[in-house]
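Q: Start from the sequences, fold in the hints, and give me the full structure.
This is what each chain is made of:
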Amino acid sequence: MNYNDFIAVLPLIILAMTGLAVMMWDAFEKVPSRSPLLLTVVGGMGAIVAAVANLTAAPVIAFGGLFFSNTYTGFFTIIFSAAAVLSALLSEQFLKEREMIIGEYCALILFSVCGMVMMASGANLIVTFLGLETMSIAFYVLAGIFRKEESSNEASLKYFLLGSFATGFFLYGIALVYGTTGTMNLAEIRTIMLGLAPKPAATYSSLLLTLGMLFIIVGLAFKVSAFPFHQWAPDVYEGSPTVVAGFMSTAGKTAAFSSFILLFPYALLPTAAVHLGSEKIQIVLAILAACSMLYGNIVAVSQTRIKRMLAYSSIAHAGYMLLGVSALNENGITGVAIYSAVYILMQISAFGIVSVLEKSDGNGFELEDYVGLSKRRPWLAFLLAIIMLSLAGIPPFAGFFGKYYLFLAAINAGMVWLAIVGVVSSIIASYFYLRVIVLMYFRQANDQVEVSVPEKINTSFVAIAFAVAALLVLGIYPSLLINTIGYLFR
Amino acid sequence: MVTRKNAVSSALLLVVTFCFLAGIYLTLQAQFLAVVQVAVYAGAIMVLVLFVIMLLNLKEERFSLTGNWKTLLGVLGVGAICAQVIAIILLSKDKIPQTISPKAAVQGTVESVGMMLYQTYAFPFEMASLVLITAAVGAIVLAKKKLQ
Amino acid sequence: MTSLANYLIISAILFSIGAAGVLFRRNAIIIFMCIELMLNAVNLTLIAFSQFLGEQSGQVLVFFVMTVAAAEAAVGLAIVIAIYRNKETVHIDDLNLLKG
Chain A
1 MNYNDFIAVL PLIILAMTGL AVMMWDAFEK VPSRSPLLLT VVGGMGAIVA
51 AVANLTAAPV IAFGGLFFSN TYTGFFTIIF SAAAVLSALL SEQFLKEREM
101 IIGEYCALIL FSVCGMVMMA SGANLIVTFL GLETMSIAFY VLAGIFRKEE
151 SSNEASLKYF LLGSFATGFF LYGIALVYGT TGTMNLAEIR TIMLGLAPKP
201 AATYSSLLLT LGMLFIIVGL AFKVSAFPFH QWAPDVYEGS PTVVAGFMST
251 AGKTAAFSSF ILLFPYALLP TAAVHLGSEK IQIVLAILAA CSMLYGNIVA
301 VSQTRIKRML AYSSIAHAGY MLLGVSALNE NGITGVAIYS AVYILMQISA
351 FGIVSVLEKS DGNGFELEDY VGLSKRRPWL AFLLAIIMLS LAGIPPFAGF
401 FGKYYLFLAA INAGMVWLAI VGVVSSIIAS YFYLRVIVLM YFRQANDQVE
451 VSVPEKINTS FVAIAFAVAA LLVLGIYPSL LINTIGYLFR
Chain B
1001 MVTRKNAVSS ALLLVVTFCF LAGIYLTLQA QFLAVVQVAV YAGAIMVLVL
1051 FVIMLLNLKE ERFSLTGNWK TLLGVLGVGA ICAQVIAIIL LSKDKIPQTI
1101 SPKAAVQGTV ESVGMMLYQT YAFPFEMASL VLITAAVGAI VLAKKKLQ
Chain C
2001 MTSLANYLII SAILFSIGAA GVLFRRNAII IFMCIELMLN AVNLTLIAFS
2051 QFLGEQSGQV LVFFVMTVAA AEAAVGLAIV IAIYRNKETV HIDDLNLLKG
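Protein chains in written order, with this note's numbering: chain A, 1 to 490; chain B, 1001 to 1148; chain C, 2001 to 2100.
Hints listed in this document are in silico derivations from the structure and should not be mistaken for laboratory results.
Just so you know, not all the hints are guaranteed correct.
Listed next, the in silico DMTMM-like pairs over lysine to aspartate or glutamate satisfying Cα-Cα at most 20 Å (straight line) [to be verified]: (1) B:K1144 - C:E2088; (2) B:K1144 - A:E150; (3) A:K30 - A:D5; (4) B:K1144 - A:E149; (5) B:K1145 - C:D2094; (6) A:K96 - A:E149; (7) C:K2087 - A:E366; (8) B:K1005 - C:E2088; (9) B:K1145 - A:E358; (10) B:K1145 - A:E150.
This structure is a prediction, so every number in the text was calculated from the model and none was measured.
A: Following this line, the structure appears as structure tokens:
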């Protein structure tokens, strides 16, 4: 343990300290104010700055093989912190309307980001597990933070029961992997898998190991809500507060993907692994990806409420990213990273717009409520239209390039069928995304008087506009992101 | 434990199960974890669960194993997976260590687990405090009667 | 001397009993207890492997699992209390606002 180790975990320390500071600040404040949100934004920015500064440092595994600090972890730290900053900005309006406790809300968001950073950087299964749990426990509470509303209560209970059930499977997988490889250290597991290490004291049993990997996949697939393990997702996202749902379905999912990549393409299934079952595992991952893409998009078509539609489409997005993981190659990893960044921008701002438009009595979620939005809130409708086009993956927008990289990775890995399934499901998806645009622009609301509401420049609007601007810039100059990531992963 | 209709008897049987597990840990020479098992699981967690059960004054639960085809299917599935896991364990019986390691007696003691926790794994140990504070804050947020 | 396979089989059986309980019980608190049983089964696997391999990190993970289980218990029971205040039930069939 030395000075450099602490530099490596500096973003994590900043996030945790800000979380504690928020709670202390809140405790000593006489009149409830919005300063916790401000502190959260400052803390998130601080973590981003620290992570950017770390990007140029030499890659290390801090604390004697417990914590990766390299450009990969730096990249994910930046996007998780950015998601926290965006969510904090979006929450301002909506916490004020509901007279909510702000301090604890902000602290929980920050703690959950700490968990995500641990997942993305855990070089040891113990750290990965602790990160997963920190994130999940914070999410269980955030989902139920509107204590007076029954739907929020139910979302939280459902998430809690299924989430800890999944944790059990994840943990059983870890136990079996540990038992067969004899170590918790991912770098050591990698050398064993590549056949470079002298075999551990235990002669290693590939059947038990495959079983362990399958259990880990089940556990993580629950967390990313991939197809057969998705049942909780629509209910939980619909029941929890809208901004929280946006945060959970983006940052939470990408965090699970960041550890998916560390566990599978990096440690357990590196290319040229000597392990016999690796091709079977790859097929399992590919089938999960294909089913999630098709199922999510097909069911989303029939939804009439926008939050459920976004929830089902988030299952499909998990499928796209799982496709990148199942390719098990460099392109796949790059694709997942690009798509994570783009997906966080798209989905958080989509949920942000829904939260701006929702009414405080809990209505305003029907797709019908969006009819004629272009007349009432022209700016918001414009931003939502761009987000929908990007989610659909229409070329000049950033979503397209994310998907392009993922499908390319699948083709490189020799899984052309998977790429075709991906393209077909994207075409299905474009139907319900474009439908929102049609409703907003080309349909007249019959009974309402069309009054254009002047847009108030509040923090939510700033956050959404910023995210959309980032989407546009990345869409027009994709090389910006792609070059950065290319440089990052080298 | 899973078949009792009354939640209290379920909980008490679970306490018994946890104590038996502590006994199994002792046969594996993991003294420290055996003690922690009794103190934390049987002692702390289950007392909390019992408190909540008593507090809520629950009615008897309606459930049946065969009533609903979905649950029946699920339970059969779990049975099949269990059989599969056991088969795999039996198949790889020869590839896993046959005898308990000579280091086992030493590494189960408070001293050596403590050394691991505070030296090699000091970083996750600190991070575990994050889990605990998250849980403490969360539990208060959700269960407190009146906020502000 | 009991062999490693015996410990692993006990643990697999306990895990399955817990998982089956989660699937067919309807009381949220009992489901939670079944999940605790699953975590304990995993702990047994970890300790058995750790002692037979002569490698200690398994026991460290067990310690953390216990910490996490305590944290989950606190949060889970708080959620149950919050839901009981609003609905006077913890029976998961009665919770049906979010379906469809």
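Q: So, for every hint listed, does it hold in this structure?
A: Hint by hint, here is what the structure shows:
| no. | hint | in the structure |
| --- | --- | --- |
| 1 | B:K1144 - C:E2088 | holds (17 Å) |
| 2 | B:K1144 - A:E150 | holds (16 Å) |
| 3 | A:K30 - A:D5 | violated (39 Å) |
| 4 | B:K1144 - A:E149 | holds (15 Å) |
| 5 | B:K1145 - C:D2094 | violated (23 Å) |
| 6 | A:K96 - A:E149 | holds (16 Å) |
| 7 | C:K2087 - A:E366 | violated (26 Å) |
| 8 | B:K1005 - C:E2088 | holds (19 Å) |
| 9 | B:K1145 - A:E358 | violated (27 Å) |
| 10 | B:K1145 - A:E150 | holds (16 Å) |
Hints 3, 5, 7 and 9, counting from the list given before, are not met by this structure.
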